[in-house]
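Produce the complete structure using the sequences and hints provided.
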Amino acid sequence: MSNILELEHISKKFDDDLVLDDLCLEVKENTFMTLLGPSGCGKTTTLRIIGGFTTPDEGRVLFEGRDITNLPPNKRHLNTVFQKYALFPHMSVGENIAFGLKISGKSDQYIRDKIRYALKLVNMDGYENRDVNMLSGGQQQRIAIARAIVNEPKVLLLDEPIGALDLKLRQDMQYELIRLKNELGITFIYVTHDQEEALTMSDTVVVMNQGYIQQMGSPESIYNEPENAFVATFIGDSNIMGGVMLRDKLVRILGVDFPCVDTGFGTNKPVDVVIRPEDVVLAEPGKGRMDGVVSHLIFKGVHYEMEVQAGGFEWLVQSTSMFPVGQEVSLNVDPFNIQIMNKPESEDEEAVVIDV
Amino acid sequence: MKNFWKRFYLVIVLLFLYLPIITLIVLSFNNTKTMGVWKGFTLKWYQEMLSSPQILNAFCNTLFIALIAAVVSTIVGTIACVGIMALSRRQRNTILQLTNIPLLNADIVTAVSLMLAFGLFGISLSLGTVIFAHITFCLPYVILNVLPKLRQSGTSTYEAALDLGASPVYAFMHVVLPDIMPGVFSGFLLAFTMSLDDFIITYFTRGAGINTISTLVYSQVKVGIRPTIFALSTVIFVIVLVVLLLSNFLPDKIAQKREEDAKKGIELTPEQRRKKKTLQRIGYGLMAAVIAVVSIFGGRYVGAMTGNGEVIYFYNYGDYIDPDLVTAFEMQTGIKVVMDTFDTNESMYPIVESGQVSYDVIVAGDYTVEKMIANKLLQPINYENIPNAANLEPSYMEILARTDPGNTYMIPYTWGTVGILYNKTMIPEGRITSWKDLWDPELAEYGILMQDSLRDTFMVAEMILGFDMNTSDPEELQQVVDLLIEQQPLVQAYENDAARDDLITEDAGIGMIYSGEYLYCLDENENLDYVIPEEGTNVWFDCFVIPANAKNVEGAEKFINFMLDAEAGLATFEYLTYPSPNSATMELIDEEIREDENVFPSQETLDKCDMYHYLGKEADQVLASYWKRFRGN
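Chains as they are written, first to last, in my numbering: chain F, 1 to 356; chain A, 1 to 633.
Calculated from the structure, these hints are not laboratory results.
Just so you know, even glycine gets a beta-carbon here, dropped at the ideal spot from N, CA and C.
Hints are supplied without guarantee of correctness; some may be wrong.
Unchecked claim - Simulated pairs of lysine-lysine, BS3-like, Cα-Cα distance not exceeding 30 Å:
| no. | chain 1 | residue 1 | chain 2 | residue 2 |
| --- | --- | --- | --- | --- |
| 1 | A | 551 | A | 336 |
| 2 | F | 75 | A | 149 |
| 3 | A | 149 | F | 102 |
| 4 | F | 84 | F | 168 |
| 5 | F | 102 | F | 75 |
| 6 | F | 28 | F | 13 |
| 7 | F | 114 | F | 102 |
| 8 | A | 149 | F | 84 |
| 9 | F | 106 | F | 168 |
Unchecked claim - These stretches of chain A come out as covered by chain F in the derived footprint (C-beta under 8 Å, 3 or more residues):
| no. | stretch |
| --- | --- |
| 10 | 157-163 |
| 11 | 175-189 |
Stated by the list, open to error - Just a sample of chain A residues kept apart from chain F, beta carbon distances all over 12 Å, derived:
| no. | residue |
| --- | --- |
| 12 | 18 |
| 13 | 90 |
| 14 | 170 |
| 15 | 244 |
| 16 | 309 |
| 17 | 502 |
What follows is the structure, encoded as structure tokens:
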């Protein structure tokens, strides 16, 4: 698969605020790529640079190998689904969808067919003549998508398109988007701050923070092998602790030695350690590596979520079996589930925890 | 009881708001020029309005200026808003502050600075400068209306349109504009009304012969506003009312209908949509047609003003010439008369002095002409080209020569005296002989009226005291002021135009008045009589003069010559009722009137009279300070 889109050394400043710093990104054809990060991380700016609404201060944007950095948005073979739908309020559903087609001078028959096809694709058959202002949020979103895809773009840009919908609708739309992507066979570049959305839909997730790409990879690798504390915190819940890599395959956490599978960190090297809450195994006292006491308990549906005080650290633990508050327990972790990360070297790379 | 007071209060407020307008509407149907008497229902003022080229001209001017100013300022303002939105927040705030200042600025400042700027850049005042000025002051109103709408609609739909392949212009026209249309429309309406309303800015930036309704009305203050203006105001009020009702109720109705349709889940079928589109198109078409008609009309009109035919620009008091005479002159000579009007000499003078507007012939009062001569604003009259000047009564010319030696610059148009008008049913005929009678406590019960005018009011006291009416000696003026203050308790009112009406309606029994008003008053109330007091009085002349910067001197001479014709003089006399200085005209006037020494005083009386002279700046200030002393008392 070749690259459909490449960003080369992109930098962008707003006033004195450096939003993107020397960002490089390659997007393969026919992938679902998600730019994930907290607000202000530069993900939307990246998308706007691709769409042509923002011009980078430095760097180039290549589309199918062609430099399109200075091409205005109306000359790019991309379409965008906007965060607030941006439907044209004085036009009917059909007129909204036909907008791009009319500009490119398609025949009336073609436009009619295309509207019907697009509405069917987004499950909105027969809505041609409705007033867009009378539609629900979810319906408006579908129309916005229909309006973008009738133009047969090679890349569809989606800027937090389902952020404003309620939870159930959001989950439905996630499946719809995956289906759409497969039916259309085009590249999706999707921007969100919702890690669950990113993990559910994407082929590739790009985690961004403070204008830098923190990590890029498949959802599984992002989740299971976060490369730094930011990614670990941002994606899912985690226990992040300082530790010392004593030697290959042995790490000391909170004064207790844990076997692990990581090598190549050297000896007696300070590192960050990530352990996912569902990877902490609770047992009777004395049977694990550390002993502690349950201090909080919440029922979450699929599992229980507990906080365990052990070794001076408050461990977050998820388990299908329940241990009441005050109960003494022991903790154990499978060596495969201990993720060792280098400590950040510069201040810019410093993990910033932002609630989302 | 509480309810009663509530209602009472409401009625009072409504009366307060609408009584003046109702008065105006009622008076527009009144069969007389005099306010305060009902002489029966008539439509003649409406008829006169529709047949008066001057009013129609002003009306069309007003509409044309307002429409062009509103259209241009709406377009420019909307584009400006787009630009403002693209600025950063700090820049935007600065720009908004700057555009809002003209809103709060006093009109007079805007007006004068525009006039000065036009002068500085050598742009002579014309219809164009008025339109330019109107566009300037309308702009902030448009921005004020459009910007919030634009901000509300945001940039997202615009970007979406670009994203779908629209060029920026296409996106603006098809996506942004329809969205902000309500704001644009209300901006347009506001600009239109502001322009329609404006007086001050128009007044200072207009060129020769350009009148709007407001400047026309204002210029008629000297002779009293003709009821045609009431008729015109009534028509405007009704139009504004209708537009207001439509613009208030129609959008509500439409929105209501839409909502109901939406509730019922009614979708427009393609046929209905097409129908709606067609209706929309017809609407746009109508609008385009109206604009086209007005523009064509306006174009023709502007063409006529700047046009090919010969034109003279004539500056006159409002309603101070028989319009039929103007038409007759135009028919006879083929020269178009563009008439511009002013209300007082004092407002006319600076406009002529500024030299930005050039007139060919002006009618002005004697002492203002004196000032114009002193400041070299006039050119000598070439009597060879005005043979009808022979008709002028030599004895009057002699008096006039006191102001204008050798009758070099001034050709009298009308003249008159100041005297006392009294009601014979209250005061026996022959009882009034002297200015002192205005100080008679016995007459105070009938109501004594004095003029509220510096030179005239001072003149009365000066005549009693035996002073020169052109005195500026502080001691004498102090005595004059003392005498007038002594009279104050006896005086019912100090008023100018209203004096005539009060005497006709017998609200007052005696008052000082211009002889020109006498014949008119006599027509309305035959009990009135006019006396020139034995001490003598002021004789005044309104004269034709030709300014030094006149462009069509030949046309001006033809016009003056035409006006000095015996028949033209008669028409003028009948229209204005002011005495004529034309001996040929005198032959044609009713003997009864001609012999009336009150209207045409004998040589003996005239010998006791004098004219006001231009006293110079310093003396003017002295007089003004004494006038203040008297009026402030």
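Structure-based check of each hint:
no. : hint            : in the structure
1   : 551(A) / 336(A) : 14 Å, holds
2   : 75(F) / 149(A)  : 28 Å, holds
3   : 149(A) / 102(F) : 27 Å, holds
4   : 84(F) / 168(F)  : 19 Å, holds
5   : 102(F) / 75(F)  : 15 Å, holds
6   : 28(F) / 13(F)   : 27 Å, holds
7   : 114(F) / 102(F) : 11 Å, holds
8   : 149(A) / 84(F)  : 18 Å, holds
9   : 106(F) / 168(F) : 37 Å, violated
10  : 157-163         : holds (count 6)
11  : 175-189         : holds (count 3)
12  : 18              : 39 Å, holds
13  : 90              : 10 Å, violated
14  : 170             : 7 Å, violated
15  : 244             : 26 Å, holds
16  : 309             : 50 Å, holds
17  : 502             : 61 Å, holds
Going through the hint list in order, the structure does not satisfy hints 9, 13, 14.
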